[in-house]
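Colleague: Please work from the sequences and hints to get the whole structure.
So the sequence lines, in the order shown, correspond to chains Y and C.
Heads up: the first sequence at position 83 corresponds to 83 in the working numbering, and the numbers run straight through without jumps.
When you read off a place in the second sequence, starting at 1, and then add 406, the result is the number in the working numbering.
Treat the hints as calculated values from the structure; they're not laboratory data.
Treat the hints loosely; a few may be bogus.
[Claimed, not checked] Derived list of chain C stretches under chain Y, where covered just means 3 residues or more per stretch with a C-beta under 8 Å from a C-beta of chain Y:
hint : stretch
1    : 412-420
2    : 437-444
3    : 522-535
The C-beta atom is built at its ideal place from N, Cα and C for all residues, glycine as well.
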Amino acid sequence: MENKTASPAVVYADNAATTPVSPAVFHAMEPYFTQYYGNPSSIYSVGRQAKKALESSRETIAACLGAQPSEIFFTSGGSESDNWAIRGAALKMAQKGKKHIITSRFEHHAVLHTCQALEKEGFSVTYLDVHSDGIVRPEEVRSAIREDTALVTIMYANNEIGTLQPIEEIGRICREKGVWFHTDAVQAVTHVPIDVKAQCIDFLSLSAHKFHGPKGVGVLYCRQGIVLPNLIHGGAQERNRRAGTENVAGIVGMAAALQEGCRTMEERRLRLTAMRDRLIQGILQIPRSRLNGDPVKRLPGNASFCFEGVEGESVLLMLDMQGICASSGSACTSGSLDPSHVLLAIGLPHEIAHGSLRLSFSDQNTEEDIDRILEVLPPLIQRLRAMSPLWERIENGQIAYTVREF
Amino acid sequence: MAYSEKVMEHFANPRNVGEIPDADGVGEVGNPKCGDIMRMYIKVTGNVISDVKFKTFGCGAAIATSSMATEMVKGKTIEEALKLTNKAVMEALDGLPAVKVHCSVLAEQAIKSAVSDYYRKRGIDPTPIVGEIPECEEGACSL
Numbered sequence: 001m002e003n004k005t006a007s008p009a010v011v012y013a014d015n016a017a018t019t020p021v022s023p024a025v026f027h028a029m030e031p032y033f034t035q036y037y038g039n040p041s042s043i044y045s046v047g048r049q050a051k052k053a054l055e056s057s058r059e060t061i062a063a064c065l066g067a068q069p070s071e072i073f074f075t076s077g078g079s080e081s082d083n084w085a086i087r088g089a090a091l092k093m094a095q096k097g098k099k100h101i102i103t104s105r106f107e108h109h110a111v112l113h114t115c116q117a118l119e120k121e122g123f124s125v126t127y128l129d130v131h132s133d134g135i136v137r138p139e140e141v142r143s144a145i146r147e148d149t150a151l152v153t154i155m156y157a158n159n160e161i162g163t164l165q166p167i168e169e170i171g172r173i174c175r176e177k178g179v180w181f182h183t184d185a186v187q188a189v190t191h192v193p194i195d196v197k198a199q200c201i202d203f204l205s206l207s208a209h210k211f212h213g214p215k216g217v218g219v220l221y222c223r224q225g226i227v228l229p230n231l232i233h234g235g236a237q238e239r240n241r242r243a244g245t246e247n248v249a250g251i252v253g254m255a256a257a258l259q260e261g262c263r264t265m266e267e268r269r270l271r272l273t274a275m276r277d278r279l280i281q282g283i284l285q286i287p288r289s290r291l292n293g294d295p296v297k298r299l300p301g302n303a304s305f306c307f308e309g310v311e312g313e314s315v316l317l318m319l320d321m322q323g324i325c326a327s328s329g330s331a332c333t334s335g336s337l338d339p340s341h342v343l344l345a346i347g348l349p350h351e352i353a354h355g356s357l358r359l360s361f362s363d364q365n366t367e368e369d370i371d372r373i374l375e376v377l378p379p380l381i382q383r384l385r386a387m388s389p390l391w392e393r394i395e396n397g398q399i400a401y402t403v404r405e406f
Numbered sequence: 407m408a409y410s411e412k413v414m415e416h417f418a419n420p421r422n423v424g425e426i427p428d429a430d431g432v433g434e435v436g437n438p439k440c441g442d443i444m445r446m447y448i449k450v451t452g453n454v455i456s457d458v459k460f461k462t463f464g465c466g467a468a469i470a471t472s473s474m475a476t477e478m479v480k481g482k483t484i485e486e487a488l489k490l491t492n493k494a495v496m497e498a499l500d501g502l503p504a505v506k507v508h509c510s511v512l513a514e515q516a517i518k519s520a521v522s523d524y525y526r527k528r529g530i531d532p533t534p535i536v537g538e539i540p541e542c543e544e545g546a547c548s549l
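Modeller: And the structure:
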């Protein structure tokens, strides 16, 4: 639809969905499309150049995560890495009779649906509560661990509400108990410091396009000494562990983006946290609005809200008409009528969970973006509420929602 | 999923939003748990729907179908209004994404519900004329 606003500038506030490739990353990738186009498995010099770029990218990425280059495996992205780690660990440990997996209720669907598929194949899965603050309790992980537990998989930061999980504490518990620990760190990478050794992480998934790298490329970190069964069979790429000609340009871009993102992490954290908190303060002036998830233990660039009496999609469409790109929870809302499993998991009733809005920021956002959102959003909510029979009942006191606190 | 330009136009500029304080019939369908509620008000002069207004809580399609349905029954006789189908509402909007078809069903039911209320207020049992309007049951939209 045509942008009918006076200002043609678009405010992109959906960086948790994807980010633009940064100019430096694009520049780093360019020669690998047309100049160093060789297949890294080839013997001649054009192939060797590609191979060299691949291995130097592996070193860069390993250094950013506190890992060894041999522990880094290139994949097609976060979903593949999650599938590989969880299914691989499950199949491997099943050989020892361990067929129990522990995860949380609000993981990304790449994790949840893999776990559900494994349940159908005879595995049992414990789904831990994430409480009203959206945080898994390490002690609940400890008490869920059984003799036959194969894997604990808990996300680093939630993709919808941005809450950070106590990864190091969970990692230590798993290490102490001798249970493998996987974390989907897709939302966390470049936003919080990650050290796979210090945090006792056995497997970690990341995806380049969430930190200004290209789409369709990611990493599975797999701790030295663990050999998972292959998910993708075929050629001998990735030391026989993951078949398929490597996405060389994508991998070079991912390494450049990760290096840049880690280098500027602290400065970004300070800037985005201040912006985020100003936004939260401003938006919570709207009556009957709420911030989803812990106000402090959250990603610097994430703010998730619910507004009583309005439905999320209509808020998004109205924001879009004003040139503001946002999301109503995960990017999956378009395919389903169900409210977000994440918001239900933190105890929100369906009626409130329908009215959610996620705003997520990156390096490329400015204070002016926050000003614009704070200018546009309140009247827009008011307009939708004015035509909402549900809001009428809320205002008349005919409905009072109770949010489950736990 | 993408909305047609007509859906977006009706969403951006919905027709007939509001209430009719002395309405001759008021109908409400939907369920907040499912994420949409439509309420329609009709004013009947003679046998003709002389005015119609709506209030809707819901997605873009819910608001657009409410707007279109009210446009389509305004100035029509009660009998004509009862012939309004969800399919006609969808066609008038140049189609809806598959997951949003239920919004057009709600719009059709909202009109029927308002007409039923009109009959009831006049001491007439609406069921033989309007038919049963299925309750929106919790779980029907795969909660």
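Colleague: Holds or violated: the stretch 437-444 of chain C covered by chain Y, criterion of 3 or more residues with Cβ-Cβ distance under 8 Å?
Modeller: Since three or more residues must qualify, the claim that chain Y covers the stretch 437-444 of chain C holds, with 7 doing so at under 8 Å.
Colleague: Confirm or reject the coverage of the stretch 412-420 of chain C by chain Y under the rule of 3 or more residues with a beta carbon closer than 8 Å to the chain's beta carbons.
Modeller: holds (count 4)
Colleague: Do three or more residues of the stretch 522-535 of chain C come closer than 8 Å to chain Y, measuring C-beta to C-beta?
Modeller: With 0 residues in contact (Cβ-Cβ under 8 Å with chain Y), the coverage given for the stretch 522-535 of chain C is violated.
The earlier numbered hint that this structure contradicts is number 3, and it is the only one.
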